[in-house]
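*Asks:* Next come the chains, spelled out residue by residue.
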Amino acid sequence: MRRRSRGGTATEPRGSALYEVLKGIDFERRELLDKPRGVGLFDLVKDKGGSYRCYACTLCERTCPVDCIEIDYCPEFEELPFDLEAERAAALATLPGESCGANSACVVGEQPAGFVPEIDMKKFDAVVAGIRSGTGLVQALHSTQEAYGYLPRVALENIAGEMGLPLSRVFGVASFYGQFRLVPVGKHVIDVCMGTACHVAGAPLVVEAFSQELEIPVGGTTPDGLFTLQTVNCVGSCALAPVVRLGDDETIGRVGPNEARRLVRRLRKAEVPA
Amino acid sequence: MSARRTNGREPADAGAARRSGDASRTRRAGRIRRAFKAAFDAGAYIADDGKAEIRVCAGTACHASGRAALRTAIDKALADRGLTDKVAVVETGCHGFCEEGPIVVVRPQGLFYPRLTPKDVDEIIATSVVSDGIVERLLYKDPATGEPVAHEAEIPFYKLQERVVLALNGKIDPYSIDDYLAHGGYAALARVLEDDDPMAVIDEVEAAGLRGRGGAGFPAGRKWRFCRGNPGDVHYIICNADEGDPGAFMDRSVLEGNPHSVIEGMTIAAFAIGAQSGPVEGYVYVRHEYPFAVQRLRAALTQARERGLLGEDILGSGFSFDIRINQGAGAFVCGESTALTASIEGHRGMPRGKHIRTVAQGLWGQPTNLNNVETYANVPWIVNHGAEAFAARGTATSKGTKIFSLTGKVVNGGLIEVPMGATLRHVIFDIGGGMLPGREFKAVQLGGPSGGCLPAALLDDPIDFESLMAAGSMMGSGGMVVVDDTTCMVDFVKFFLKFTAEESCGKCVPCRIGSQRLLEILERISDGEGTLDDLERLETLSEDIIEGSLCQLGGSAPNPVLSALRYFRDEIEAHIVEHRCPARVCRPLIQYTIDPDACTGCHVCFAACPTDAISGERKQAHVIDQKLCIKCDTCRQVCKFDAIPVVDARPALAEGRQR
Ligand SMILES: Cc1cc2nc3c(=O)[nH]c(=O)nc-3n(C[C@H](O)[C@H](O)[C@H](O)COP(=O)(O)O)c2cc1C
Ligand code: SF4
Ligand code: SF4
Ligand code: SF4
Ligand code: FES
Ligand code: FES
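Chains as they are written, first to last, in this note's numbering: chain Y, 1 to 274; chain P, 1 to 659.
Hints are computed from structural coordinates only; laboratory data are not their basis. The C-beta atom is built at its ideal place from N, Cα and C for all residues, glycine as well. Errors might be hidden in some of the hints.
Sample of chain Y residues facing chain P (criterion: CB under 10 angstroms; computed from the structure) [unchecked claim]:
no.: 1; residue: Ala126
no.: 2; residue: Ala129
no.: 3; residue: Gln179
no.: 4; residue: Arg254
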């Protein structure tokens, strides 16, 4: 197979850095250069005064996708300007977003403008009971969403408080999973299946038809709060493709664009008494 | 109880060494046997005594095709005739023939009635339940011969399968542990507990050659051995029921139709891995999109606990094990082992490096065994029938049977269980009934977003782990999507890339950004704006993504692209060179027209068109205004006279290029 030319930006490795950054890579034989996408060797940058700029924040160690970085105490330096082990432990224990002091306002947006239903905190008791019985964060978010149809910010704050977690961490999990919603849903939630079987049977045309008829994009809610349009990856009824799920209970098979438009019109009609 | 194994694997001196404990062993075995009998007798199960019974499929798909209304109609019809107490109505799990849902089977005759509506119920009860007749009009008709087939067992779709894992699906009531027990359920667990030899169980599973059914095909016995060998405070046994492959539903069906088989398999695995060494705990990680599966599993766990088959001191053996349910939340990557454990722990489901294996440090840092639903469901069978019987099916390296969920443009969509090594042709054409009338087979896609599309030339290849891998596809979890000449390969591959680009957890740049770039190149091609250089770009970028990705999501994301380049290059090139989409799917390259000779002027399309692009008087040929048409396909679908052909948008240009 065709290989890229060798990355030409390699600089000479400087033997004894304060931290041995690239564990397992042979600097002498420069093995990294033989890796197809190696663009050079890692090096620690020094400032004008000649000292390393690395602060040992361990961010690189934590984010490296292939876990190739390990920040280690380097015995060549007898005296360290700080307690490395303690710093390291503290840094690894810090969760992203926690240390900024701004209560994660940057990631957890304010309540969206527009259609916001009343939040009945009584419904939250079940979630708290679940958390106390030892279910994890993901399950707590599920039961919150069951109660409100979405994850209201105040609920996330309460979960964070109840579980002793930073809000950013709760939000991080909530935003990772496709099923969690951070904005309220309409009365009728339309989930169009976009799994393989449904795709082959024409699901993209069905989503488009819904989107046009409702005049909202996927993920949107109509201004009257009646409809929310979503997609889902396979609901397990592939033999009936294309499949549309209406709310939690109703699944409709063999829906084409024409049926989609008619379904919306029918639901609309039922809402507005003639 | 089933016949004992005769292939005594135990070395003679080991038996002698144990003899000292023989008396206490015999007592223990007796205790377990009595406890098992008590569990059995606790039920109110009345054995199959030839009484009339109506089985209604209550699987997810049949539910979607109307089983609730059907059930109401059946109950009412029975009540009207005063038969409520005489005829049992049993709701079963998926029969695997979802295409024909909602399905009803009338027993004891075993009459199979597909696609029923509430209107049909009365007639069926009058003819087949009250008396012994058959409602011919409602029977399944063999699409090949057009002949009606009365009995479930005679339908080619079922007749040609070898159902091992699915054997009881559709036969038993998933809400009834008695039903499962009456069909030999939990006998394997009782036997294993009685024998009290965890290593022998591992040996047996290893000798059977059971390989993981969740994708990679790792030998289950070997994984169990590793896991057992790793020290920890507790060993975790996890069942992967995330079934992320969009378009596959075998795990869903097994959990919905026979949840106890999975519980039994997990408990046997727990015993093999944890017994005599330390505590074991279980988790089932189920997709949140499968509410029925969760409900049934939950009910089954409660029943198993009530009968002493799960929980503390199972059957008085001193071995304890319990299972918790953990629901996913719609992230494909959570099917990956380390992402799955992260998700249970309440983190973002992001994989980690595999230099520390899950069997050594998995959930909460403890040794963890992760297997797929189907893998566990095979275990009781192996214990009951022995490794040899299991290994008798399949090929040299892939043993046993595998369930495939056949979907797409085939006649009989549904679940198909066949021995490994069966050919694609056998599954798609003999069992699946082949292509829809008038359509031509183009490709079969296996392995979901990680797999590849195989062309007609490979239809006679056997289905096993190695052959599929060599062909550039993979077994995956068993999704099998068949497409015909109306599916455009560029569009199809675009779909998979869109899926992986959306589902990438974002940790690795090659996966997160690379898959997005692949998608953009494909979009360019499907818009008719690609260049031949793009093909090479696709190839090199694919290689880079494969190498630079941490987990197999990124590592296999380019497979659909690579397999399409390998087998369907002509079609991709047609988009680039001729600006033509041979399957007439890619929108910028097609046009909807009305054939004036075929059009009857019925006005149906006129009413359906969302943009009023169609005009014409009744009984006159209609025309489409190309400026208004948004190519939504509605008119073509509603036209009963096939009068709306889709044609190349730029025929002149295409011809010019061809020359
Ligand atoms: C991105 C990704 C998704 C996966 N999804 C699933 C899944 O939905 N179900 C499953 O059983 N295995 C899935 N796997 C495979 C699992 O990581 C694991 O190999 C399997 O569950 C092990 O069980 P087995 O040995 O019984 O097959 C996935 C792997 C990857 C990389
Ligand atoms: S390959 Fe993709 S899904 Fe897997 S860890 Fe990397 S970014 Fe995440
Ligand atoms: S639906 Fe078909 S036959 Fe009827 S007017 Fe339209 S093109 Fe003509
Ligand atoms: S494809 Fe859609 S927009 Fe175009 S004419 Fe047909 S119905 Fe109208
Ligand atoms: S692909 Fe739509 S239900 Fe499975
Ligand atoms: S759900 Fe009824 S046959 Fe599959």
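*Asks:* Holds or violated: Gln179/Y as interface residue toward chain P, Cβ cutoff 10 angstroms?
*Replies:* Given a least distance of 4 angstroms, the restraint on Gln179/Y holds.
*Asks:* So, as I understand it, the hint says Ala129/Y touches chain P; can you test that by seeing if any CB pair is closer than 10 angstroms?
*Replies:* With a closest approach of 16 angstroms, the Ala129/Y hint is violated.
*Asks:* Was the hint right that Ala126/Y lines chain P, CB cutoff 10 angstroms?
*Replies:* With Cβ-Cβ at 15 angstroms, over 10 angstroms, it is violated.
*Asks:* Taking the least C-beta to C-beta distance, is Arg254/Y closer than 10 angstroms to chain P?
*Replies:* holds (9 angstroms)
Comparing the model with each earlier hint shows violations of hints 1 and 2; every other hint is respected.
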